[in-house]
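Visitor: Sequence:
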Amino acid sequence: MKRPAAHVQRTEAGDIPFKLSHALPWLQDYAFDVWSNAGRDPNGGFFERLDLSGQPTADARRVRVQARQIFCFAQAGDLGWQGDWQTQVNHGLDYIARHGLDDRGYLRGLIDVDGRPVETPPDLYDQAFYLLALAHSYRVTGAPKYRRLALDLLQNLRRDFSHPLGGFLDTPVNRDRLRANPHMHLLEAALAWVEISDADAWRELATEIAELCQNRLIDRRIGALLEYFNADWSPIDVGSLAYIEPGHQFEWCWLLTRYEALVGEVDASVYRTLFEIGEQHGVCPQRGVAIDELRRDLTWKQGQARLWPQTERLKAAVALAQMSTGADRNIHLAQAREAVAGLGLYFTGVPKGLWRDKLLQDGSFVDEPVPASSFYHIVHAIAELSRSDLDVARQGTEAKAPLKLVEPAFR
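The numbering of the sequence shown is the working numbering, which starts it at 3 and goes up by one.
Derived from the structure by calculation, the hints contain no laboratory data.
Quick reminder that beta carbons are idealized off the backbone N, C-alpha and C, glycines included.
Hints are not guaranteed to be accurate.
Unchecked claim - Listed next, with one range per pair, are the computed distances between beta-carbon atoms:
hint: 1; residue 1: Asn-158; residue 2: Asp-80; range: 27 to 33 Å
hint: 2; residue 1: Ser-390; residue 2: Ala-201; range: 23 to 29 Å
hint: 3; residue 1: Thr-209; residue 2: Gly-82; range: 32 to 38 Å
hint: 4; residue 1: Glu-121; residue 2: Gln-157; range: 31 to 37 Å
hint: 5; residue 1: Ala-244; residue 2: Gln-363; range: 17 to 23 Å
hint: 6; residue 1: Asn-217; residue 2: Ala-145; range: 32 to 38 Å
hint: 7; residue 1: Gly-266; residue 2: Gly-241; range: 32 to 38 Å
hint: 8; residue 1: His-165; residue 2: Ala-244; range: 19 to 25 Å
As the list claims (entries may be wrong) - Keeping only pairs whose Cα atoms sit at most 20 Å apart, straight-line, the calculated EDC-like set for lysine to aspartate or glutamate is:
hint: 9; residue 1: Lys-360; residue 2: Glu-295
hint: 10; residue 1: Lys-147; residue 2: Asp-202
hint: 11; residue 1: Lys-147; residue 2: Asp-96
Let's have the full structure, built from the sequences with the hints guiding it.
Guide: So, in structure tokens, the structure goes:
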């Protein structure tokens, strides 16, 4: 039986339903409605993808996406959505409690199409998103059980995942290869807990990862954040894993500024260099979007540009603008406007509340269903923008931006 999709409204190609100042209403009036209705499985949890008519597709479910949707609906309450965001949060938490945890309390990786869990070793990346979901569930409900679950999970991670040279393993059974990305989201979760909890464990975790980033994850010769490492934390310099992601330069920049605001001092040159690398080497001037991958020499590896790097570019530009004054502030404001304009491309010609994910180098989009996983990035970026004290839509006069300005608009 097909689910009704009357709440999905079509946006014709070329139509511009809202500009920057309407980003928050887009969430409140369309996106939260779409994903709490068409995106919600009445039998439990949230669907992995929707097609462009607003119908769910038959896909296995990554359990971390369930955690991401919990985060989104916890944010919905903060952002003024009038829908029943509490029900959505509890819906996701109940699904994870019933289906998404293994017998040690770790978040599972995948639930198959038939509803059976795929048994694989727990992955650090997945656990980071469970910690993030628990943080925001505790923040909006105040239920002590979420605090206890998070502290128990952190204790288990330190027991099973800790690396002797600092940081954490990908999985307890894979000790040959290490990744930066799970640590990035673990830092995000730790900072979310620092904001709402006085437990020293979260400040200690955040500091450990911030120091790991500066001492191990960044190539000091070029200032870029690397992705893959050998078992001794030496970078993987050759082969298919030797690349740099512009989106992660932006995301780590944002996280380090957040760490500085909540926990302790960071060398500002580190996160500003990350941002500059993303802007100068990772943004396509023709399309105005951040691409997916660079080679280690900072040349393009490929020109595809997914949606999520655009949201991280926006978050980082907003954070730096808030920290800056005068000419620098106006430059970062202009960069934020550029990021919004790039992000707006992904909303062209699709139903309101949905998006495209992969923009190719020729300017076309991959024709595919809409991934729920992107909602976390979109909500996060619009939330950061809405909570800032910046008038991003207004052109500053003190400095000329280094990038060509375009009209900021979600299409």
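Visitor: Confirm or reject each hint.
Guide: Do the hints match the structure? See the list:
Checked against the hint of 27 to 33 Å, the pair Asn-158 and Asp-80 passes, with Cβ atoms roughly 29 Å apart. Distance hint check for Ser-390 and Ala-201: the Cβ-Cβ separation is about 28 Å, which falls inside the suggested range of 23 to 29 Å. A beta carbon spacing of about 34 Å between Thr-209 and Gly-82 agrees with the range 32 to 38 Å that was offered as a hint. Remark: the range hint 31 to 37 Å for Glu-121 to Gln-157 is contradicted by a beta-carbon distance near 23 Å.
In this structure the hint that Ala-244 and Gln-363 lie 17 to 23 Å apart at CB holds, the actual value being about 21 Å. The supplied range of 32 to 38 Å is met by Asn-217 and Ala-145, whose beta-carbon atoms lie about 37 Å from each other. Gly-266 and Gly-241 have their C-beta atoms about 36 Å apart, which keeps the hinted 32 to 38 Å range intact. Hint check: His-165 to Ala-244, Cβ distance near 21 Å, so the stated range 19 to 25 Å holds.
For the hint pairing Lys-360 with Glu-295, the CA-to-CA distance comes to about 13 Å; that is within 20 Å, so the pair holds. Taking the CA atoms of Lys-147 and Asp-202, the gap is near 18 Å; set against the 20 Å cutoff, the hint holds. Annotation: proposed proximity of Lys-147 to Asp-96 holds, straight-line Cα distance about 13 Å (limit 20 Å).
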